[in-house]
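Peer 1: Protein chains in written order, with the working numbering: chain A, 1 to 367; chain B, 1001 to 1150.
It is worth saying that the hints were derived from the structure and are not from the lab. Among the clues, some could well be false.
[Said to hold, decoys possible] Heads up, simulated DMTMM-like pairs for lysine to aspartate or glutamate below, C-alpha to C-alpha not over 20 Å straight-line:
{"#": "1", "chain 1": "B", "residue 1": "1131", "chain 2": "A", "residue 2": "39"}
{"#": "2", "chain 1": "B", "residue 1": "1011", "chain 2": "A", "residue 2": "240"}
{"#": "3", "chain 1": "A", "residue 1": "348", "chain 2": "A", "residue 2": "338"}
{"#": "4", "chain 1": "B", "residue 1": "1007", "chain 2": "A", "residue 2": "39"}
{"#": "5", "chain 1": "B", "residue 1": "1011", "chain 2": "A", "residue 2": "338"}
{"#": "6", "chain 1": "A", "residue 1": "262", "chain 2": "A", "residue 2": "303"}
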Amino acid sequence: MYVAVKGGERAIENAHRLLAHERRGDRDVPEISLAQVAEQLGLAVDRVMGEGSLYDRELAALAIKQARGDLIEAIFLVRAFRATLPRFGVTEPVDTGQMRVQRRVSSTFKDIPGGQVLGPTFDYTHRLLDPQLVHGIEPAPPAVGEASDASTPRVTDILGRDGLIEPSPQAQADADVGDLTREPLGFPAERDLRLQNLARGDEGFLLALGYSTQRGYGRNHPFAGEIRFGEVEVEFMAEEVGFAVPLGSIELTECQMVNQFKGSATEAPCFTRGYGLAFGQSERKTMSMALVDRALRARELGEDVLAPAQDEEFVMSHSDNVQATGFVEHLKLPHYVDFQSELGLLRKLRKEFEEANAAPSLQEAAE
Amino acid sequence: MKAEAIKDRRKAAMSVLAHAPAVDIAARLQPMALPAHEELRAPENGLVMVRGRIGGDGAPFNLGEATVSRAAVRLASGEVGFGYVLGRDSEKARLIALCDALIQADSHGDAVEMQVVFPLRQRMLASREQKAREAAATKVEFYTMVRGEG
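Chain B extracted, bound-state conformation (with noise of 0.2 Å):
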């Protein structure tokens, strides 16, 4: 794969993995024959500076913080790689870190996308899908009553 290539799957991979609870992630990893690992960066928690922009697309201003947790993973390839993920929830983070590593992986990112990151993407799409549909029934469809004789 592409560096380039390489670089939008760990994101997309990330994006979804931010959005799934740590056990589901790591039920998802159980069954896969991992290799050896180790963490680089033993996971951390901290914060960051959330910003937003006046009037929504104008110049940034700090919001407020965010809990954020992160770690690092190596693995004996040589790949690292990183977890960050909102709140405080360590393991998340380590286990996102090894996801990432893996994907960098020729022998893991193909079987780590299939395993792991298609599923929880598709829970996470179905329940985005469920709360649109919520919504979209809050939805007003205007109609005008005629009054009287035309």
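Pulled out of the complex, with its shape left as it was, chain A reads as follows (with noise of 0.2 Å):
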């Protein structure tokens, strides 16, 4: 029998009037305009567009407006919209060997072509409160340098040219790009869908699970080859057009990770790799897809899989943070028809135990 509870809706209608009215907070300060939301809290933005899986600045703004912070409820957001609209179709795959380096270092070698170019990076700063943040400052313009038409080559392609790195994959023909927004996950999974699980993953659970591999749950020796930051262009091609369409440039954070050699009889041995790629300045985000992607090869470079991170079904189920959260926050809705059966099945359980237990001292009273 299903027996419908009303009368929520006035609260309910309260509830979201008392929520707007908390989000804008003490009327007396100003509201805070998406703009300002997209220029000076810029890497939670990028946060939101990754892992909300949608290159959007204004709308991932808006999200984390209307999340009061929340970046999970953002990201919520940000994937509820997306269902909205109709999709073209599928850009160029991007080139991050032509992108426009804001920011480029190699932990594997000092003096790579283009150099190492540290741009905005909280590094090397001392993570001191800025007592001048807290009225507000005007900053110095950035400083100029010479910008060299040098390239900047990737420094995978550099150990790549004496063959001492795995090469990547290459496509086979005809193969189709996994997509895991048409089609339901199944195991095995390629690295294709491996990668886009990935990117649009939960930072702090990949960022566990890239720690947990340094810590030891399989080990896989990683240096830090390359991280770049920048624009790139994207093109789309539009069969009505007849050409690729510029449809202009996106930000992304690309991470290679240069993992430890493996070799074979018939194989001279070479480096293996780790990939990373997300939408805007996303450095711990890509470092993590990196480390977890390259666990996540155990299968195909034929290691032992003992640890969570080499588990493609553990990691793959469990990154959606929209779905996590989904399934954690369900538990404080509603379950009282749930709950009564489990109630009624305890009061049996402990009426059995009573009876139990209370037979053998009506039995002593009778001796």
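Two independent chains are provided; combine them into the complex using the hints.
Peer 2: What follows is the structure in structure tokens.
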């Protein structure tokens, strides 16, 4: 029997009204604008775009404002929005080798062609709270140097020239590119699907898994071969136009992890790789992604699958924070009927327990 | 102009216009005497799936989606132009489609190139140059310290 319980409408309506009031906060404080969020909380916007799996700075800023800064709620809002728009198609794969680099560092080679470009980074800051920001300051304009036209080849390309690192897997002719927004996940999953899953996966989850590999749970001896951040051009092959149409540029962060070597009787040993790519400036995310990508290649590389980070079903089934929060948070929704049946069962078990325990004492009394 | 040259010019123009704010494109078009034209397709917002490559240079994978606005414009003389641009600015998509149609018309192609695309390209390149110079200032110049007496 299903019994509908009504009466929550008024309370829900008023709760949402209260939420809007609390979201606004003290009305003597100026309301935050989307431009302020997008410009001054840019890394939060990048994270929401990445895990929301939708590149649109303004929408991500709106989601952050609406979610009161709760980034997982904001990611949820962005995911829900994307479901309302039609998909025109897929872009040409972006060429990160042609990136207009704002930051590019390598921990494996000091003197890389194109140089070590620190860009806007928290690295080397002292992590002391800055009292100057309390009331706001006008920062000095950035220093300028001599921009060079020299290309910035990927560190993996340099290693690849001497065969010291495995080449990237090339596309099989007429192989479809997996898309987990279109087909449900199945296992074993190929690397294209795994990377899509990790690219939209929760940063905290991937960070913890990546860290676990460093601590010995699926160790793979990583070096940050290269991390680069900057703008790449996006092109879309529109049939009606007849050529690949330039759509504009997006910001991306890429991490090339260089890992312990493999080899065999027939193949000379060479370094292996893990790869990370994400929207915006998302360095921690792409580094974690690259560590986990490498760990998930255990099966392909003939390594024992012993640690959580190497288990693709475990990783891919739990990386999505919208799915995870949906299932965890649904526990707070009414489960009155479920609970009543549990309660009924428990009472019955307790009664049986009491009867079983009462029996001997009755017997004793009789003796 | 040969078909191939027109295609190159259209693509080069799109790559500039996609990076310019809609108000700037409109301001550059405004003084021009525009031929009669109509919306072949009303501007429409949607998504494209952005692809990356495994390892940066390997097989493609789906990275995540991006918002895109698109439109199509037809001149009275028959040329059809297309506008596709990241974001949800449908007026910008319409303006790009209009420029794309004009570029294909003998009567307007050179004028759009000179009065709209060229100045916007200069501005785009200047802003990229500025960003590149700011990044260049953060490039590490290694030097070796010699300690003690050699």
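Peer 1: Any hints this thing doesn't respect? Which numbers, in order?
Peer 2: 4 and 5
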